[in-house]
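Undergrad: Below are the chains, spelled out letter by letter.
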Amino acid sequence: MNKKIHKTYFIEIMVNGEWKETDVTPQETLLHVLREKLGYTEVKEGCGKGDCGACAVLLNGKPVNACLTLALQAQKQKVITVKGLGTPEKPHLLQDIFVKHGAIQCGFCTSGMIITAEGLLDRNPSPTREEIREAISGNLCRCTGYKKIIEAIEDASKKLKRH
Amino acid sequence: MSDLKIVGKNVARHDAWEKALGLTCYAADFSMPGMLYGRVLRSSYPSARILSIDISKAERLGGVKAVLTAKDVPKNESITRFGQTHTVGGGFEGLYRVLADKKVHFMGEAVALVAAETEEIAEKALDMIKVDYQLIPGVFDPIEAMKSDAPQVEEGRSNIITHYEIRNGDVEIGFAESDMIVENTYRVPFIDHAYIEPESGVAWIDENGVINIRVSTQMIEHFREVADVLGLPHNRVRVIGTNVGGGFGGKADITVESFLALLTYKTGRPVKLTYSREESILSHSKRHPYVMYYKTGAKKDGQLTALEVRLISDAGAYIYFSPWVLLLSTVHATGPYRIPHVAIDGYTVLTNNTFTSANRGFGAPQVCFAYESQMDELAKQLGIDPFQIRKLNYLEKGETLATGQVLDHYVALRETTDRAYQALGDKTTPKGGRVKVGQGFASGMMSYGRLVFLHDTSRSQVSIEMDGSVTIRTGVQDLGGGQSSSLCQIVSEVLGVPMQEIKIYISDSALTPLAGTGTATRQLYMSGNATLMAAQEVGRILLSKAGEMMRIDPRRLDLMDREVIDREGTGKSLALTEVVKACASDGLPLYNVSLFKAPFRNLTQYERIEGQVYADFTFGSHAVEVAVDEETGKVQVLKLISCYDVGKAINPLSVEGQLEGGAIYGMGYALTEEIIMEKGVTKTPSLSEYILLTSMDVPDVQTVILESGEGVGPFGAKGIGEPSVVSVAPAICNAVYDAIGVRIFDLPLTPEKIFRALEEKKKRLKFD
Numbered sequence: 001m002n003k004k005i006h007k008t009y010f011i012e013i014m015v016n017g018e019w020k021e022t023d024v025t026p027q028e029t030l031l032h033v034l035r036e037k038l039g040y041t042e043v044k045e046g047c048g049k050g051d052c053g054a055c056a057v058l059l060n061g062k063p064v065n066a067c068l069t070l071a072l073q074a075q076k077q078k079v080i081t082v083k084g085l086g087t088p089e090k091p092h093l094l095q096d097i098f099v100k101h102g103a104i105q106c107g108f109c110t111s112g113m114i115i116t117a118e119g120l121l122d123r124n125p126s127p128t129r130e131e132i133r134e135a136i137s138g139n140l141c142r143c144t145g146y147k148k149i150i151e152a153i154e155d156a157s158k159k160l161k162r163h
Numbered sequence: 001m002s003d004l005k006i007v008g009k010n011v012a013r014h015d016a017w018e019k020a021l022g023l024t025c026y027a028a029d030f031s032m033p034g035m036l037y038g039r040v041l042r043s044s045y046p047s048a049r050i051l052s053i054d055i056s057k058a059e060r061l062g063g064v065k066a067v068l069t070a071k072d073v074p075k076n077e078s079i080t081r082f083g084q085t086h087t088v089g090g091g092f093e094g095l096y097r098v099l100a101d102k103k104v105h106f107m108g109e110a111v112a113l114v115a116a117e118t119e120e121i122a123e124k125a126l127d128m129i130k131v132d133y134q135l136i137p138g139v140f141d142p143i144e145a146m147k148s149d150a151p152q153v154e155e156g157r158s159n160i161i162t163h164y165e166i167r168n169g170d171v172e173i174g175f176a177e178s179d180m181i182v183e184n185t186y187r188v189p190f191i192d193h194a195y196i197e198p199e200s201g202v203a204w205i206d207e208n209g210v211i212n213i214r215v216s217t218q219m220i221e222h223f224r225e226v227a228d229v230l231g232l233p234h235n236r237v238r239v240i241g242t243n244v245g246g247g248f249g250g251k252a253d254i255t256v257e258s259f260l261a262l263l264t265y266k267t268g269r270p271v272k273l274t275y276s277r278e279e280s281i282l283s284h285s286k287r288h289p290y291v292m293y294y295k296t297g298a299k300k301d302g303q304l305t306a307l308e309v310r311l312i313s314d315a316g317a318y319i320y321f322s323p324w325v326l327l328l329s330t331v332h333a334t335g336p337y338r339i340p341h342v343a344i345d346g347y348t349v350l351t352n353n354t355f356t357s358a359n360r361g362f363g364a365p366q367v368c369f370a371y372e373s374q375m376d377e378l379a380k381q382l383g384i385d386p387f388q389i390r391k392l393n394y395l396e397k398g399e400t401l402a403t404g405q406v407l408d409h410y411v412a413l414r415e416t417t418d419r420a421y422q423a424l425g426d427k428t429t430p431k432g433g434r435v436k437v438g439q440g441f442a443s444g445m446m447s448y449g450r451l452v453f454l455h456d457t458s459r460s461q462v463s464i465e466m467d468g469s470v471t472i473r474t475g476v477q478d479l480g481g482g483q484s485s486s487l488c489q490i491v492s493e494v495l496g497v498p499m500q501e502i503k504i505y506i507s508d509s510a511l512t513p514l515a516g517t518g519t520a521t522r523q524l525y526m527s528g529n530a531t532l533m534a535a536q537e538v539g540r541i542l543l544s545k546a547g548e549m550m551r552i553d554p555r556r557l558d559l560m561d562r563e564v565i566d567r568e569g570t571g572k573s574l575a576l577t578e579v580v581k582a583c584a585s586d587g588l589p590l591y592n593v594s595l596f597k598a599p600f601r602n603l604t605q606y607e608r609i610e611g612q613v614y615a616d617f618t619f620g621s622h623a624v625e626v627a628v629d630e631e632t633g634k635v636q637v638l639k640l641i642s643c644y645d646v647g648k649a650i651n652p653l654s655v656e657g658q659l660e661g662g663a664i665y666g667m668g669y670a671l672t673e674e675i676i677m678e679k680g681v682t683k684t685p686s687l688s689e690y691i692l693l694t695s696m697d698v699p700d701v702q703t704v705i706l707e708s709g710e711g712v713g714p715f716g717a718k719g720i721g722e723p724s725v726v727s728v729a730p731a732i733c734n735a736v737y738d739a740i741g742v743r744i745f746d747l748p749l750t751p752e753k754i755f756r757a758l759e760e761k762k763k764r765l766k767f768d
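Taken in sequence, the protein lines are chains R and V.
Its first residue numbered 1, the first sequence is counted upward by one per residue in my numbering.
Its first residue numbered 1, the second sequence is counted upward by one per residue in my numbering.
Bound conformation, chain R alone (with noise of 0.2 Å):
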């Protein structure tokens, strides 16, 4: 029988502005710890291989692919998720416009599109449609056309300008 033994680490993250703790393997991907073991299933696996987006998440404000990053490289990091963003007391303003847009069908890939987003706003807040295209391109819609994400976006940033 072959027992090889794992070595674990045990590892804190701030998951949507709460320390988490758990035990990892070193080739365990952030993505396994945060749905399996954390219980954010938001967090959607579309392909394990950073094919999709669908798994995107802000980790220290910068969106990442959770399936192509280690659970260990989160250590002592901060993680937001699209349920860290905002509430149904106090939604987001992309989830609002995500929503009046009718930019959301089956929803699969809306949590890390959302994030994708707001990676993009943080670092650019008034992008052109280009470099909506851009930042999106990661993140696979099969249901939209991406038309109306991509407008989503757009507003989101015009109502950021104004406020």
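No wet-lab data here; the hints were simulated from the structure.
Accuracy of the hints is not assured; some may be wrong.
Stated by the list, open to error - 27 Å max Cα-Cα, derived DSS-like pairs, lysine-lysine:
no., chain 1, residue 1, chain 2, residue 2
1, V, 503, R, 100
2, V, 9, R, 90
3, R, 100, V, 5
4, R, 7, V, 427
5, R, 100, V, 639
6, R, 100, V, 9
7, R, 49, R, 20
8, R, 7, V, 124
9, V, 102, V, 266
10, R, 90, V, 503
Starting from the structure of chain R, add chain V where the hints point.
TA: Frame of chain R, contents of chain V only:
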């Protein structure tokens, strides 16, 4: 109809908020205490005999709770059903085999199942199952497979599953009358649905001994098939459909349901099974590749005289929906054109490729690529404008298809053509010398609703609560197209209760009245009508009581903003809750379950297709502008206009979403998407090899919505989910031809194909 308050308005979908906030619990997001993890061992070969399977090592691995093979399945082989409760016959049902038994028929076929305490242990157990295979010759080309000496995919039966034919007039006479004949063969590839959510579900046995399966599916009515697999009564299996993370037809067949049911039945524990992306691509159905021979004849003025078509579709290793898809292709093979002499033959054939089944368009996009390429070729040969030749031949209301089915409802093709053309505007001037710009156009048609001989029905229940809030219960699956939200809008309109006070429960085979499948662009049509009927009946009960209370003829009363009001300006009104209270006190039913029946018609025989086959059709057009780089062969779509007659847009925002998304789905078919299968081996099992369009590749689709009001759905609506895809690919091909004078006859239009075709053209010009 004229003063609709909610229907026809852009309404934020009730499910969109949960999705935006990350609250929606998709199939893989659900877990239960004590849950095991399932995995599937899949065939590594497309054609092999299974000599033996040794599971003893895997069974001994600590943490493994079940290892199952075909011999553990109570009923391993049964007849595929797709929610139809009417027995159709006529070769419409194929073989459903849960686990490969003596043979594997395609690469990725399920051979064994494992359930274990963790995913890692389940994975390890798969490696420990030893299957002894003996490779045997397979057949991978449907034309080869039709030969009498070809290896039989399913031993003891012909590889040819079905042949359909349509005959109208006499094509020999028609071709003799023609001045021009265009003859070509078109090919289209395997397409993956590539929903972003891979197949997933969780199953458990509840305290009543019922097997519950919470699963991402387009068809909760598979509960019957799953019960048959286990040898249980149908009422002992319950399928709860989740919000589907994209379906497009790929979740219409059984995916994880039987595997989950078997594993939970065997272990007594909850089990979760989620496919990896690679497993998803290898194991679920594909859109049918077709070889399509087309011969079209026309007079000098462009009037069509004859059409001869031969379609051969690759069904892969199992039948599933293949005959149904072929039937749709055969009926739609003429396109929306008046052709006096028609002969169409369609064949669908088993091979050792991955099986093929429903995919958005269900056989319509394939033939549209062929007939709309033919129309442009004819126009070119005859020196006629492509719009004129179409307008001359478009079918109109009252005319008949080649089957003899009369088009009872408005055909808006002239308008969709003009509006799409107007929206396209003038041709963009190309930037550089090697980039050429072209414009192209295509029209399409597609049925919505299922085959009339399926005797399709849908049920919906509407009830009003004591506080005036409203509950809808219906077995509709929501794939993200707004299926359930549209029903809320319809009820809100009829009962005068705001959208946010309506709660809909969907997709539960035990608790919601069955509404049929989430396929065939049928839910708005079928369940929309059922829900409308139920809401109207509840409204009738309320108004009749209110009339009594107000001493006013109920025909003068209306339900609006949670009140009953007198339309005739007396200013009298009554709070809805007062009427509800009175009805409840009188023991009047504050609910209604309605059943909507599609038109029923039986075919007299199943080879020669005649008469009405579908309830109605959706018609429309796509217009595109492309830039083609002559040096690299790369096509960029600059403009993409989608103009379809949707009858009535219940929620215009959702209709736009369907038209935009459908156009890009069709654009991927035209330009990048292809499952490459070499001798039955899938070479593109990931989303880095199967190329979906990204936000960088797509134009802003411009939508033009026409509303003829002549659909057979609620408020005159037609279905649009699938029709929105149909005519994109030929429009792009026609635009590419306009740009560079080269026609591609097989999809997708990769840069390599265009580059090679341009090289050929240069050679030809040299010789000329």
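Undergrad: Hint by hint, say whether it matches the structure.
TA: Consistency of the hints with the structure:
For the hint pairing residue 503 of chain V with residue 100 of chain R, the CA-to-CA distance comes to about 19 Å; that is within 27 Å, so the pair holds. Straight-line distance between C-alpha atoms of residue 9 of chain V and residue 90 of chain R comes to about 26 Å, which keeps the hinted pair within the 27 Å bound. Restraint check for residue 100 of chain R and residue 5 of chain V: satisfied, since their Cα atoms lie roughly 19 Å apart, inside the 27 Å limit. At roughly 64 Å between alpha-carbon atoms, residue 7 of chain R and residue 427 of chain V are farther apart than 27 Å, so this suggested pair is violated.
Between residue 100 of chain R and residue 639 of chain V the CA atoms are separated by roughly 25 Å; this keeps the pair inside 27 Å, and the hint holds. Between residue 100 of chain R and residue 9 of chain V the alpha-carbon distance is near 13 Å, which keeps this suggested pair within the 27 Å criterion. This hinted pair checks out: residue 49 of chain R and residue 20 of chain R have alpha carbons roughly 25 Å apart, not beyond 27 Å. Restraint check for residue 7 of chain R and residue 124 of chain V: the C-alpha separation of about 18 Å stays at or below 27 Å, so the hint holds.
Between the alpha carbons of residue 102 of chain V and residue 266 of chain V the distance comes to roughly 23 Å, so the proposed pair stays at or under 27 Å and holds. Using a Cα cut-off of 27 Å, the hinted pair residue 90 of chain R and residue 503 of chain V holds, with the two alpha carbons roughly 22 Å apart.
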